[in-house]
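Q: Letter by letter, the chains look like this.
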Amino acid sequence: MSHSRQPLQSSLEAAEPLQTLRRGGQLFETERRLNAVLNNASVSIFLMDDRQHCIYMNRAAELLTGYTLEEVLARDCPLHDIVHHTYPDGRPFPLAECAIDRAFPQNNQEKGEEVFVHKNGHFYPVTFTASPIRDDAANIIGTIIEVRDITEEKAAAERQRLLVDELNHRVKNTFATMQAIAAQSFRGTDPAALAVFNARLDALSGAHNLLTEDHWQSASLRGVIERALAPHLIVAGDSNRFRLNGWDGRLHPKVAVTLAMALHELMTNATKYGALSVPEGHVSVDWTLQSNEAGVEQLDLTWRERGGPSVTPPARKGFGSRLIERQLPMEFDGRATLAYEPEGVVCRLQIPLTALGWYGQEKIEGRPAR
Amino acid sequence: MSVLEGRRVLLVEDESMVAMLAEDMLLDLGCDVVVAMRLDQALAQVEAGDFDLAVLDVNMGSTRSYPVADALFERCVPFLFATGYGLEGVEPDYRVVPVLQKPYQHAQMRRLLEHLLTCEDLPRKGGSNGGGFNCGCVGGHADKGGGGYRADAAR
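Chain order of the listed sequences is U and P.
One point on numbering: in my numbering, the residue at position 10 of the first sequence is 10, and numbering is uninterrupted.
One point on numbering: in my numbering, the residue at position 84 of the second sequence is 84, and numbering is uninterrupted.
Chain P with its partners taken away, still in its complex shape (with noise of 0.2 Å):
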């Protein structure tokens, strides 16, 4: 069973066919999904929901998810960004967050989730070394588990 079975993800995609396609494939890993087109709802859902992961595509029409993945980094929720123009299409104080290169792949999608299920260092802003953004909650995710995953979810 994968560490990502049952793991509540919120998906960030502004595309209705990518959206479903990238919702699938987060079904298909065992993923509880919620899913957000646009700012205001992604921004709400991380307000009220409780994530364990998150996927944000970058570009959302006239805007950008930025403001979401602020919002998730004060939450200690961890995520990556997806967007065709691969590490270059974010923005430098970002680029800590890994990032997956469109379209959606599912071997590519479940390796990174997994790698931030199970990843010591939570990525922060501005960079992992003193990084201008430090919510303090790093060690509580330093949970060092058998063979590198954890057992429990990360709530």
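Chain U on its own, in the form it takes in the complex (with noise of 0.2 Å):
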């Protein structure tokens, strides 16, 4: 640190020991070494008194500030407004509004995010990490301040939210261009199967959007119980049909996926033949999240039809009772039962709630999938 002028002061006393050092050019030999770690760093150093100013930058620094540590010191003024002096936006940035200035911390390692000026005028992001410097009566004597431009990271964000974005764009395109292919296809066939079609591509894509919401983590389990009977309280118009009771929890996506169309199956359902067929119906949706018998959080969910027409087991078994009672359960190694009672249909649901991630997420972003 040959270069520092003003070396950190501390009080006499503090320094005494300091003395005892400097015999046999132990020093020396010592500022050797600290100079190799600063100099070969990648993170830039910089050192402040306690009014702000740089004392000590190491060579990252001045290839991140683009100025020498001559220069800084020459102009004997707070680094900021050397390297900090600008908005983004081209407002001038006092010292006064500076938040590393404001943090001057009291507590080791504060961390933050800042834009920085260039020396040749271009702007840059960085995190930074201050942690005060102590004299030996523990009084706080300066500031080390470690700074890393995050340039890439910013950009390699921005990058992943542009692709997501076109992902959903493009995800949504198809749900549209499969809609015009099966009207063009089926035009002059039978319209009602149609409608069954759109319908499911509209529970499909209604799932996809509550998963949009959140990145596609997870989704809200009332939002995907709301958004499968929506399509009733539309053409409907009447909210009293429904009683939906339970908490809110997160739901993986394929849990998600296939829970609404399981939910439309039944709604369509009740809405063609059973408790919605007619104006005195109602259906309750009741469900708990509860560990089972195995540790598991699991979603217990029962669908109940009640003032319907009187209920006749189906001759045939559709899409809708192959979703639920065996695709489901399969697929999350869950239970199903559908079950036909004079009084109106009643379907419980128990499916062991998979941990959220997916296949890879680790390898993105840096944390177990499961």
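Hints listed in this document are in silico derivations from the structure and should not be mistaken for laboratory results.
Note that CB positions come from ideal geometry on N, CA and C, so glycine has one too.
Treat the hints with care, as some may be off.
Listed next, with one range per pair, are the computed distances between beta-carbon atoms [unchecked claim]:
| # | chain 1 | residue 1 | chain 2 | residue 2 | range |
| --- | --- | --- | --- | --- | --- |
| 1 | P | Leu21 | U | Glu341 | 24 to 34 Å |
| 2 | U | Pro342 | P | His106 | 38 to 48 Å |
| 3 | P | Thr63 | U | Thr151 | 28 to 38 Å |
| 4 | P | Asp70 | U | His118 | 15 to 25 Å |
| 5 | U | Pro342 | P | Thr63 | 54 to 64 Å |
| 6 | U | Thr312 | P | Pro92 | 51 to 61 Å |
| 7 | P | Asp70 | U | Pro309 | 50 to 60 Å |
| 8 | P | Leu21 | U | Arg170 | 43 to 53 Å |
| 9 | U | Arg148 | P | Gln41 | 20 to 30 Å |
Result set (SDA-like, lysine to any residue): computed pairs, CA atoms no more than 25 Å apart in a straight line [claimed, not checked]:
| # | chain 1 | residue 1 | chain 2 | residue 2 |
| --- | --- | --- | --- | --- |
| 10 | U | Lys172 | P | Met20 |
| 11 | U | Lys317 | P | Gly84 |
| 12 | P | Lys102 | U | Arg326 |
| 13 | U | Lys172 | P | Arg38 |
| 14 | U | Lys272 | U | Ile234 |
| 15 | U | Lys254 | P | Met17 |
| 16 | U | Lys172 | P | Val18 |
| 17 | P | Lys102 | U | His208 |
| 18 | U | Lys254 | P | Arg38 |
| 19 | P | Lys102 | U | Gly112 |
| 20 | U | Lys172 | P | Met17 |
| 21 | U | Lys254 | U | Arg306 |
| 22 | U | Lys317 | P | Glu91 |
| 23 | P | Lys102 | U | Asn173 |
| 24 | P | Lys102 | U | Ile181 |
| 25 | P | Lys102 | U | Gln184 |
| 26 | U | Lys254 | P | Gly89 |
| 27 | P | Lys102 | U | Lys111 |
| 28 | U | Lys254 | U | Pro125 |
| 29 | U | Lys254 | P | Pro103 |
| 30 | U | Lys254 | P | Gln105 |
| 31 | U | Lys111 | U | Val37 |
| 32 | U | Lys254 | P | Leu39 |
| 33 | U | Lys254 | P | Gln101 |
| 34 | U | Lys254 | P | Val34 |
| 35 | U | Lys154 | U | Pro125 |
| 36 | U | Lys254 | P | Asp93 |
| 37 | U | Lys172 | P | Gly84 |
| 38 | U | Lys254 | P | Val3 |
| 39 | U | Lys254 | P | Lys102 |
| 40 | U | Lys254 | P | Glu91 |
Please assemble the complex out of the two chains, which come individually in their own frames, going by the hints.
A: What follows is the structure, given as structure tokens:
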């Protein structure tokens, strides 16, 4: 640190032990080692005095800011006025508004993000970590600030955001295209079959929308239920037909999609033949989220129709009952019963909730997928 | 009558609706289908079942179906991978296995399964020539029938 013009001042008594180190070139050796460490570090390191003047910066800091230590020392002003003087929108950035200055740290490892200005005028985003330097009497006599350029990370995050937006856009377009293809392909054939297809496609698209809101990490349980019932509300315009009762939770995308499709089938069946086919009928959906015998959180949901016409079991099992009774339990290692009770259909779904995550997530996000 | 008629096929597919579609296709081809939608179920089925063929979805939510592939290799059950990513979606060690590009198509499914039943070289893990996996029963499968089709079930 031979360039330090204003070494951090500590009280005379506190400085006393240093004198003993100066013997036999020991201090020189220490300084040489420290300089080797500091000037080979890829993180920028700034040493500030109690006036926020920079009294030392390593080589990485010189590369980062575009200034040499000599230039910074010659300016004899707070470092802020050299590397942080302008907001990215061009307004002047006075020291008084500076978070790093305000955060003149009482605590170790104060962290934050800022945008600095390079000597050549361009802005670059950084993260900083600031810690106080104390003398032997624990008085704060300066600050050490580590700074890292995060331009690349910011750009990567922005690229990822754009890609996800584009993916969502394309998925939506694909749904619209599928709808168009179906409309063209089945033109002049059974309009009821096309309506069934379109309603299922819409249910799937609705589940995707809920997942998009949370970047395909999870979907709200209550949101999935409400979205699945929404088409009936829109057509019938009567929200008193449904009684929903249960706490919200987060569902894995796979659970969200299959549950949405199962509820869609129940809702469609109820509208055509069940409780929702007559004005006085209603549907209650009650659910709990509790640990099952294996200690896994499990959704236990009961769909119960009441007040509809007397129910007789259907002669043949269609898509809905196949999905609910066979596929859904198999997909999630759960249980499903679909009972055609005379007073109304009752469907009970017990779905162990898969831990949120997908294959490859840990590679992308650096945390375990399960 | 297709060579696939009456064949016992294991279908491993983790999405409910897609599994329904693939199952129906296999049923339409005359196959006797067992569906497994979870890795543990699939492994138990391979252990217990006596399959002529298998169709494996590669990506199964938080995991992949390679352990099932290994169990099938061990038992010399011919199988194909189904993936939306095509060949690139399969680990290099497993690229000897035919890949069905999703979405499932009836004609493609039929062609690949027929190929698996009639092909003289059963794919082995790690490459067809001197790969890391050698169960020693390839010769038993190299039964050359008329026109390349075997008349009997490869049980």
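Q: So which of those numbered hints doesn't the model satisfy?
A: Violated hints (numbers, rising): 4, 5, 8, 9, 11, 13, 19, 21, 22, 27, 28, 36 and 38; every other hint is consistent with the structure.
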